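Peer 1: These protein sequences, in sequence, are chains H and E. This note's numbering numbers the first residue of the first sequence as 1 and each following residue consecutively. This note's numbering numbers the first residue of the second sequence as 1 and each following residue consecutively.
Simulated from the structure, these hints should not be mistaken for laboratory data. Be aware that a few hints might be false.
Here are some chain E residues pointing at chain H (derived, C-beta under 10 Å) [what the hints assert, rightly or not]:
#1 8
#2 80
#3 81
Everything numeric in this text was worked out from a predicted model, so none of it was measured. In this text, a Cβ means the ideal position worked out from N, Cα and C, and glycines have one as well.
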Amino acid sequence: MVHALNEIRRVLVPNGLLIDIRPLMDRWQVEVTSMREVRQTGRVHDFPVGLADDEAANRAIAQAFENGWFSRDRQEFFSYSYSWDTPAEMEEWVDTEWEDFVALEEETKQATRSAWALGDADARVRLQVKMLIARWNVLKDR
Amino acid sequence: MTIQNDPERNESKHLHTFADFRNKRVLEVGCGEGRLTWQYARETQLTVGIDMDTDALRIAEVDRASDLEHKVLFTAAASEYLPFSKETFDIAVLAWSL
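Bound conformation, chain H alone (with noise of 0.2 Å):
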């Protein structure tokens, strides 16, 4: 990873910027949302893979900014939310999609089949994804 922004450093010009966008492994809440309410029913579960590799990336961009490459400008967190119809979509979905990274246990699973089974007729099932956002300078002598 560090190589890697060795090499974007490289290719971007003095004063350009590097945009680092990802999600973050952080017990994603479960939601059953309607027009009318939103019920929390529980959190994923993180793999430790998935956390791994936050820290691995954090360490990159650390290890990048100690080299003097970069220099952060600016960091927030905002949320990405995936919505299904149903709970069994929602739990295709992370076994499929993030099978090893997270989980679904299964109290959680309980818990979002009975909210929704019993809200409203539009009600669906929500996963709050944590994302990061952080802008990087660019650094270079000329």
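Please arrange chain E on chain H, whose structure you already have, making use of the hints.
Peer 2: Coordinates of chain E only, in the frame set by chain H:
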């Protein structure tokens, strides 16, 4: 499966708050199928998306609007060995890829 991705468009809003893409040359690392690319590429002078997943790149190319053919390019490349000359881009976007 009917999935909605980021219906509030938080990602696009934040991306545009953090960078002005107008008339810029942009490198997107880890562009995949171009989901993020299409949120800003039209504003740029040039966008190049790279990824190691050639199947995803094929989808990105299929999804590319015909009027963006000369402005938005996709190529298979690893971020550790970028096949570009130095100082080619104004902005680099690490798209869920660091």
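Peer 1: Would the hint on residue 8/E stand, with a C-beta cut-off of 10 Å toward chain H?
Peer 2: With Cβ-Cβ at 7 Å, under 10 Å, it holds.
Peer 1: Hint residue 80/E vs chain H: min CB-CB distance below 10 Å?
Peer 2: Holds - the Cβ of residue 80/E comes within 10 Å of chain H, reaching about 5 Å at its closest.
Peer 1: Hold the hint about residue 81/E up to the distance rule: shortest CB distance to chain H must be less than 10 Å.
Peer 2: The hint holds - residue 81/E has a Cβ within 10 Å of chain H, the shortest such distance being about 7 Å.
When the structure is compared with the earlier hints, no violation turns up for any of them.
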